[in-house]
Amino acid sequence: MFWLSLCFCLTVYRFDYKPKKVKVELDKKAKKRKYEYGDDEDEEDVKHKKKSKDKKAAEGKKAKKEGEDKWKWWEEERYTDGSKWRFLEHKGPVFAPAYEPLPEKVKFYYNGKPMKLSAPAEEVATFFAKMLDHEYTTKDIFRKNFYKDWRKEMTSEEKSIITDLKKCDFSEMNEYFKAQSEARKQMSKEEKQKIKEENERLLSEYGFCIMDNHRERIGNFRIEPPGLFRGRGDHPKMGMLKRRIRPEDVIINCSKDSKHPKPPPGTKWKEVRHDNKVTWLASWTENIQGSIKYIMLNPSSRIKGEKDWQKYETARRLKKCVDRIRTQYREDWKSKEMRIRQRAVALYFIDKLALRAGNEKEEGETADTVGCCSLRVEHIKLFPKMDEQEYVVEFDFLGKDSIRYYNKIPVEKRVFKNLQLFLENKQPEDDLFDRLNTSILNKHLQELMDGLTAKVFRTYNASITLQQQLKELTCCDDSIPAKLLSYNRANRAVAILCNHQRAPPKTFEKSMQNLQTKVKAVEVKRKAVQRIEEQLMKLQMQATDREENKQIALGTSKLNYLDPRISVAWCKKWGVPIEKIYNKTQREKFAWAIDMAEKEF
DNA sequence: TGCAAGACTTGTCACTAAACTC
DNA sequence: GAGTTTAGTGACAAGTCTTGCA
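Residue numbering for the first sequence follows my numbering, beginning at 1 and increasing consecutively.
Derived from the structure by calculation, the hints contain no laboratory data. A portion of the hints provided could be inaccurate.
What the hints assert, rightly or not - With a straight-line Cα cutoff of 25 Å, these simulated PhoX-like cross-link-like pairs (lysine-lysine) come out:
hint : residue 1 : residue 2
1    : Lys304    : Lys400
2    : Lys336    : Lys352
3    : Lys152    : Lys139
4    : Lys471    : Lys572
5    : Lys113    : Lys159
6    : Lys166    : Lys178
7    : Lys471    : Lys352
8    : Lys319    : Lys130
9    : Lys293    : Lys455
10   : Lys196    : Lys91
11   : Lys70     : Lys319
12   : Lys185    : Lys107
13   : Lys277    : Lys262
14   : Lys91     : Lys167
15   : Lys192    : Lys130
16   : Lys580    : Lys538
17   : Lys584    : Lys196
18   : Lys166    : Lys152
19   : Lys130    : Lys167
20   : Lys293    : Lys259
21   : Lys336    : Lys361
22   : Lys293    : Lys307
23   : Lys152    : Lys293
24   : Lys116    : Lys130
25   : Lys84     : Lys259
26   : Lys270    : Lys256
27   : Lys311    : Lys72
28   : Lys116    : Lys167
Small disclaimer: the values here were computed from a predicted structure and weren't measured.
Construct the entire structure; sequences and hints are all you get.
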């Protein structure tokens, strides 16, 4: 609750960090770490120190290597003609392995009697059997959709016998798969190593492409295997069969003068095209929603990095004109035209509450979720007075991924009056903003600032919140663990603002308990060794961090909303190693920012 | 001009490799 | 060194926004 109220008190907007190009001196940092430990050295300490020293030295070396021989695409000129590349060569996607029929001894039972299924019907049955322990298989829609699609794979004889899903017994198949997974865990070191090596071979062969003279990592080079569709929330299509993708379904995109990828023997591609106005390497149409899926590059690639950088630059440009935009929409609350009032109130919510735009969705095709423009009357309640506060709006709706957004927020009188007006003579299922949609809103935003769309507000407000919170929470005398707690608290404020929730981890209670036990155990030894004192502090920070993080997902905001230069600058200013904030993958993604940022932003 | 298709970003979750503990 | 915990990663669903066409 504290964080919830905190984030809505975030009314101070600053966004004044500036990128500067400075080399990251990771090797120096590694040297400095040597002096981080206390003076008293008993035998245990010496051992511990040596271990730590070796580890840190190795980390330092690794970090140094990471910094070296990396291509600094951000120092090069960008294409200005709308093309994304000049040369693109890759080996095509990796297909899902062919179906392996079940051993004879593993049986499917119908109405208590064993029944041998044809290969296509058996394969689909295994998809269901694998999910037997999951809640999905108890849901009516899931079962109905699965059964309908499963029947399509059956022979006419099978169809005539299998007429009721309730009479199907998949338990033996389920046990077989569990045993297989158990056997995988019990494999010897050598066997595991062999699999690892095979995966690495596959990665080096298919996981990279050549784009404009550089070897770039591909994000997802494996085609999604067949299975049962797991929609989120109350998805009307959950349980439907996601069919197997064959080379004949796949469009390859590469440059004309490259060595074209070869389809698997005896097959051919749907098409090979050479479109350098797009970034994808391969695509296919999936059968559930009929949408296109793509194979694209990893976030560390130039093509993704440039776009990411550009996104934060747009957010930064918004900083310069956000006051003007705010003045304008406040003015528009008074407009004579309903459409302008609606637009202004919606924009106020997007800005203040970091709501998503809310595109229209096809009814019955997906779960019933909404964003700002698609809010319905039933999603808000108005309270002229509530707990000492005036003009309170209560929001309660399912947003992206069917995550509930619930919030009570006092608004300005004029907004409140407008909302009352919008609700007049409407039914609960009617649109709150019936004169507005995302394209109208974005068209308007585009007129206010070049490149401005609704989602820029989310990026902008997330970054500005991080910056302001870091400033407020960081004390220069704090230890590194304390500073890291401050960082995570600032990150958390952003996650709360953006409503990034997660289900509490299944092992949360247990691990929390363990952590508390450890804290207690360490407390007893406190006076004995200084090193243990440090450990205690670290654990305490970790415990607080985890407790506060119980239902908050930090990753998304860190990866997608927070201008990395703020974090890098903070690390530099307070001497916090960048590795404590960003892991290797994230450091690769944000290499451009790490290279640019200085102590002051 | 409106709408559907296409392209790309954002988001959560499950699996697994690595780190930690005993 | 085995068992346990944690962090990192990949999978893939679900959004946003742009583009192209009737």
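Consistency of the hints with the structure:
Only pairs whose Cα atoms come within 25 Å are accepted, and Lys304 paired with Lys400 is accepted, the gap being roughly 23 Å. Distance hint between Lys336 and Lys352 is fulfilled; the C-alpha atoms sit about 23 Å from each other, no more than 25 Å. As the CA atoms of Lys152 and Lys139 are separated by approximately 20 Å, the hinted pair is consistent with the 25 Å bound. Proximity of Lys471 to Lys572 is assessed by CA-CA distance (about 14 Å); at most 25 Å being required, the pair is judged to hold.
Of the pairs offered as hints, the one joining Lys113 and Lys159 holds, with about 16 Å between alpha carbons and a cut-off of 25 Å not exceeded. A distance of roughly 22 Å separates the Cα atoms of Lys166 and Lys178; the hinted pair therefore holds under the 25 Å criterion. For the suggested pair Lys471 and Lys352, the alpha carbons sit about 21 Å apart, so the restraint of at most 25 Å is met. Restraint check for Lys319 and Lys130: not satisfied, since their Cα atoms lie roughly 50 Å apart, outside the 25 Å limit.
At most 25 Å may separate the alpha-carbon atoms for a hinted pair to count; Lys293 and Lys455 meet this at roughly 22 Å. A hinted pair counts as satisfied when its Cα atoms are at most 25 Å apart, and Lys196 with Lys91 qualifies at roughly 21 Å. Between Lys70 and Lys319 the CA atoms are separated by roughly 32 Å; this puts the pair beyond 25 Å, and the hint is violated. Pair hint Lys185 plus Lys107 holds up; C-alpha atoms about 24 Å apart against a cutoff of 25 Å.
For the given pair, Lys277 sits about 23 Å from Lys262 by alpha-carbon distance, which is consistent with the 25 Å threshold. Restraint check for Lys91 and Lys167: not satisfied, since their Cα atoms lie roughly 46 Å apart, outside the 25 Å limit. For a cut-off of 25 Å, the pair hint linking Lys192 to Lys130 stands: about 23 Å separates their Cα positions. Restraint check for Lys580 and Lys538: satisfied, since their Cα atoms lie roughly 13 Å apart, inside the 25 Å limit.
With a C-alpha separation of about 20 Å, the suggested pair Lys584 and Lys196 falls inside the 25 Å cut-off, and the hint holds. In summary, the hint linking Lys166 to Lys152 is supported, as the alpha carbons are separated by about 18 Å, within the 25 Å threshold. At most 25 Å may separate the alpha-carbon atoms for a hinted pair to count; Lys130 and Lys167 meet this at roughly 17 Å. The hinted pair formed by Lys293 and Lys259 meets the criterion: a straight-line CA distance of about 23 Å does not exceed 25 Å.
For the suggested pair Lys336 and Lys361, the alpha carbons sit about 30 Å apart, so the restraint of at most 25 Å is broken. Our distance criterion of 25 Å between C-alpha atoms is met by Lys293 and Lys307, whose separation comes to about 20 Å. Pair hint Lys152 plus Lys293 holds up; C-alpha atoms about 24 Å apart against a cutoff of 25 Å. Under the criterion of a C-alpha separation no larger than 25 Å, the hint pairing Lys116 with Lys130 is consistent with the structure, at around 18 Å.
Using a Cα cut-off of 25 Å, the hinted pair Lys84 and Lys259 holds, with the two alpha carbons roughly 19 Å apart. This hinted pair checks out: Lys270 and Lys256 have alpha carbons roughly 17 Å apart, not beyond 25 Å. Restraint check for Lys311 and Lys72: satisfied, since their Cα atoms lie roughly 18 Å apart, inside the 25 Å limit. Among the hinted pairs, Lys116 with Lys167 is consistent with the structure: their alpha-carbon atoms are about 15 Å apart, no more than 25 Å.
The structure does not agree with the numbered hints 8, 11, 14 and 21 stated previously, though it agrees with the rest.
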